[in-house]
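Participant: Produce the entire structure from the sequences given, and follow the hints as far as they go.
In case you want the letters, here they are:
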Amino acid sequence: MALMRWQLAYPEQPIPWKVFALVPMLVGVVVFFIGRRKGPYLSMAGFIFIGIGLLIWYFVLGETRMPEGVMLPEFYNSLGAMHGTIMVFLGIVPLSVGAFGNYVLPLQIGAPDMAFPKLNMASYWVFLLGGIMMLSSFFLPGGAAQSGWTSYAPLAVISPGQTVWLISMICIITSSLLGAVNFITTIIQLRTKGMTWMRLPFFVWAQLVTSFLLLLAFPPLEAAAVLQLMDRLASTSFFMPSGLVVSGQVLTEYTGGGSPLLWQHLFWFLAHPEVYVLILPAMGIVAEVIANNSRKPLWGYNSLVYATVFLGFMSFIVWAHHMFLTGMGATMATFFQTTTMIISIPSIIILTALFISLWGGSIRFNTPMLFALAFLPMFGIGGLTGLPLGLAPSDIHLHDTYYVIGHFHYVVAPGTIFALLAGIYYWFPKMTGKLLNEKLGKVHFWGSFVFMNGVFSPMFIQGFAGISRRLWDGGTTYLHAQPYLYLNEMISVSAWLLGIFQIPFVINLVWTLAKGKKVGDNVWEATTLEWSAAPSPPVPHGNFKSEPEVYHPAYEYSLKSNGRDYTPQNEPLKG
Amino acid sequence: MEIPYTVSPRPDTGIHNGKLGIWLFLASEVMLFGALFSTYILLRTSAIDWPLGSDNLNVPLGTFNTLILIISSVTMVMAWASLMMKDFKKYKLYMGLTIFLGILFLVVKIAFEYAPKFAHHHYPSTNTFFGIYFVLTGLHALHVLGGILVNGYFWGPGSKMWKKAPQQFINRIEIAGLYWHFVDLVWIFLFPTLYLL
Amino acid sequence: MENTDVQEVKRHIRVYLYTFSALAVLTVVTVAAASLNVAVGTGIFIAMVIATVKGTLVAGNFMHLFSEKKLVYLVLIITVFLFFVMLCIILSTINDQVLSVS
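Going down the list, the protein sequences come from chains A, B and C. Just so we're aligned, residue 1 is where the first sequence starts under our numbering, counting upward by one. Just so we're aligned, residue 1 is where the second sequence starts under our numbering, counting upward by one. Just so we're aligned, residue 1 is where the third sequence starts under our numbering, counting upward by one.
Since the hints were made in silico from the structure, they are not lab data. It is possible that part of the hints are untrue.
Unchecked claim - Dumping the calculated DSBU-like pairs for lysine-lysine here, alpha-carbon to alpha-carbon at most 35 angstroms:
| no. | chain 1 | residue 1 | chain 2 | residue 2 |
| --- | --- | --- | --- | --- |
| 1 | B | Lys89 | B | Lys163 |
| 2 | B | Lys89 | C | Lys10 |
| 3 | B | Lys163 | C | Lys70 |
| 4 | B | Lys164 | B | Lys90 |
| 5 | B | Lys164 | B | Lys86 |
| 6 | B | Lys164 | C | Lys10 |
| 7 | A | Lys545 | C | Lys69 |
| 8 | A | Lys434 | A | Lys545 |
| 9 | A | Lys118 | C | Lys70 |
| 10 | A | Lys118 | B | Lys89 |
| 11 | A | Lys193 | C | Lys69 |
| 12 | B | Lys90 | C | Lys10 |
| 13 | B | Lys163 | A | Lys118 |
| 14 | B | Lys86 | C | Lys10 |
| 15 | A | Lys545 | B | Lys160 |
| 16 | B | Lys86 | A | Lys193 |
| 17 | C | Lys10 | B | Lys92 |
| 18 | C | Lys69 | B | Lys89 |
| 19 | B | Lys164 | A | Lys193 |
| 20 | B | Lys90 | B | Lys109 |
| 21 | A | Lys545 | B | Lys164 |
| 22 | B | Lys92 | C | Lys70 |
| 23 | B | Lys163 | A | Lys545 |
| 24 | A | Lys193 | B | Lys163 |
| 25 | A | Lys118 | B | Lys90 |
| 26 | B | Lys164 | C | Lys69 |
| 27 | A | Lys193 | C | Lys70 |
| 28 | B | Lys164 | C | Lys70 |
| 29 | C | Lys70 | B | Lys160 |
| 30 | B | Lys86 | A | Lys118 |
What the hints assert, rightly or not - Which chain C residues stay away from chain A? Per the calculated CB distances, all over 10 angstroms, these:
| no. | residue |
| --- | --- |
| 31 | Tyr16 |
| 32 | Gly41 |
| 33 | Met48 |
| 34 | Ala51 |
| 35 | Thr52 |
| 36 | Gly60 |
Think of the CB as a built atom: it goes at the ideal place given N, C-alpha and C, for glycine as much as any other residue.
Facilitator: Structural data, given as structure tokens:
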């Protein structure tokens, strides 16, 4: 992303590749040689740094394709498409569902493992295969996919690099399906004794709804990917209309008769629920952190649960609000505007309940809590700026401008990513038995918070000005864009600074792993089972030493029953 | 701690893990084939003219294959019933028959349907009818192949489990059966849609 | 279906055989019905009704759905509902275009 921003802000200046490539490689080599004596974690980090350096080095070689340091449009498009794909399908979903779900979920419901451990491994390997294929497409002759993460037909059918994208997507989808089957079975079947539905931590509910979305929304995209693959490899015309003219010539290898809109429908039938796949686990993490650090039960737990389930259902019938500009008639446009406005209600219920949960709490401002607190207004901005996009009249102006980029990045970047960081800081002691450094954590938080907003808030202004999101030169040739191009510089500088402020985080992880002090099993004094019933880190096979039994709802804080302000789920009330 | 409810059903849901897992998987399969059916309907309704399946495809062979799959469903469920009656020999027989019928289906499909199509220069790219025909039947054939592999495992090396953990083995056969019947069910809808209408 | 005694299984087997004969007959019927010269719409309707009956027989008897637990019903009802949502909304949206492409 930072490379894309550099391109837009300083189109004339070459990117100082060598600085960015050599510095991490040098750091990596130094860390590796020190680390060989100090511990395996440090030398692993050395490898990671060297890897980053090598990756950038590859782009140095690619400089031959970029005269005067300016990327060619094709390469910019590839970066754009792969940024979206990697962040959504290889970044956030695997991290929030695959990693946190897999690790925390069995612990929170008192299960020894996921229901199907072998299926879990299969899901992981298929995912890895898809991920490696996706990344390797940069190095293949045709380059990486260029048609955006949405891969709209017919452009995607005729542009290079798309075949590998489709095959890797089929792998990733299969992996998600296997994962979803596993998650749902685990939640329904492996809840421990006494863990009734309304005693589940909210994170588990969020994962359950997310898994259902993955299970039922992903197959249509798999079907669509197969069809697009057929269009590319066997010259079928599922998405190719009759008489398509490209560069002044009618395409003769396609018989036509297909429907490009069909791709959009099948794609968005997945991709709108996918938006909630990205945000629901984040809400779950935030709910855990907020309840724990405000030392209060979650406000309106039941309405949170019902709102989440309702949100999951509704997310299946709003998808065409991404398609108002495809010539949709007034009847269906009205239908989708209505459902879109309805789906904002459960989101607002969730956000409100989380805000009210803070009221009257004795809040501990530690790093996970800071990230969770920042999530609330950031997600609020992301959600509210979505309303104009859900209404056809305003969407017609804002569609495909930077406003859209600003909107959904506010949801997923300072929204989901902050929640994921909160989760990492919160559950790190569970995974390793060591607490991350608070000072470095706070530096990381404030730096990220400021510059995250620096990156995405100017995009709203650019979007209102009508600058299209897909221009490789950022719109320098358009008159209406001229007054707002200076914002690109602010965005670019913020993006690089945002990257720099992740360094304390990496240092924090490595340093804590190698040198951090051991802490107790329940360092946050939490009520949920993963803290109160399992050691940190949990028992390698089976998580728990003995099967825990649950007596309470998930968030019994401030009861003062056992002489403490929290009552773990597996501890009966005394007196 | 061991993973609970792998063999015996969980009291409040009444089913064991594997059965819930396979039903969830089949639910996703419903959506997969459902999306392709939707594609078929959409392409057909928006086409100016649509070739009739009965003019272009081999209806007798399709009917034959339909019956093959239905019979294989019966033998599959009989394999499970034989295990329930503790008759391992009959299980081997019925399971072997199921696998044989599955292979027969694929042979008819590929050698007697696809090959003549290609010989007559009917490719997926000929028109959208043949496109969706090859995608739907091809994907279905892949599912049949998957079923044959799973059943083959339970007929051969996987059947050792019968001696060690009979109840778990019965569960596995039931689950493999659910998948196999689903593949049959998909074909029951594919056959009239593609061949007859 | 666990712990079912032998009598029960034998009763099941009879059901399987009846189901098989019904499926075989219906397969012949659907082919025969297609060879009648009815309008395309009527033909689709007849074929889909027969296919649905056959599908119900397979799911209900072979897959034991007639005696399955509530949880499985719940999953399947959600799925089938969403399938129809997908089908109907896609069709009605594509048919509701400001500029029809043809």
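Participant: Give a verdict on every hint.
Facilitator: Comparing the hints with the structure gives:
| no. | hint | verdict |
| --- | --- | --- |
| 1 | B/Lys89 <-> B/Lys163 | holds, 13 angstroms |
| 2 | B/Lys89 <-> C/Lys10 | holds, 17 angstroms |
| 3 | B/Lys163 <-> C/Lys70 | holds, 32 angstroms |
| 4 | B/Lys164 <-> B/Lys90 | holds, 19 angstroms |
| 5 | B/Lys164 <-> B/Lys86 | holds, 14 angstroms |
| 6 | B/Lys164 <-> C/Lys10 | holds, 25 angstroms |
| 7 | A/Lys545 <-> C/Lys69 | holds, 33 angstroms |
| 8 | A/Lys434 <-> A/Lys545 | holds, 20 angstroms |
| 9 | A/Lys118 <-> C/Lys70 | holds, 27 angstroms |
| 10 | A/Lys118 <-> B/Lys89 | holds, 30 angstroms |
| 11 | A/Lys193 <-> C/Lys69 | holds, 21 angstroms |
| 12 | B/Lys90 <-> C/Lys10 | holds, 14 angstroms |
| 13 | B/Lys163 <-> A/Lys118 | holds, 22 angstroms |
| 14 | B/Lys86 <-> C/Lys10 | holds, 13 angstroms |
| 15 | A/Lys545 <-> B/Lys160 | holds, 33 angstroms |
| 16 | B/Lys86 <-> A/Lys193 | holds, 34 angstroms |
| 17 | C/Lys10 <-> B/Lys92 | holds, 18 angstroms |
| 18 | C/Lys69 <-> B/Lys89 | holds, 31 angstroms |
| 19 | B/Lys164 <-> A/Lys193 | holds, 29 angstroms |
| 20 | B/Lys90 <-> B/Lys109 | holds, 28 angstroms |
| 21 | A/Lys545 <-> B/Lys164 | holds, 28 angstroms |
| 22 | B/Lys92 <-> C/Lys70 | holds, 33 angstroms |
| 23 | B/Lys163 <-> A/Lys545 | holds, 32 angstroms |
| 24 | A/Lys193 <-> B/Lys163 | holds, 32 angstroms |
| 25 | A/Lys118 <-> B/Lys90 | holds, 30 angstroms |
| 26 | B/Lys164 <-> C/Lys69 | holds, 28 angstroms |
| 27 | A/Lys193 <-> C/Lys70 | holds, 21 angstroms |
| 28 | B/Lys164 <-> C/Lys70 | holds, 31 angstroms |
| 29 | C/Lys70 <-> B/Lys160 | holds, 33 angstroms |
| 30 | B/Lys86 <-> A/Lys118 | holds, 29 angstroms |
| 31 | Tyr16 | holds, 28 angstroms |
| 32 | Gly41 | holds, 21 angstroms |
| 33 | Met48 | holds, 20 angstroms |
| 34 | Ala51 | holds, 20 angstroms |
| 35 | Thr52 | holds, 21 angstroms |
| 36 | Gly60 | holds, 23 angstroms |
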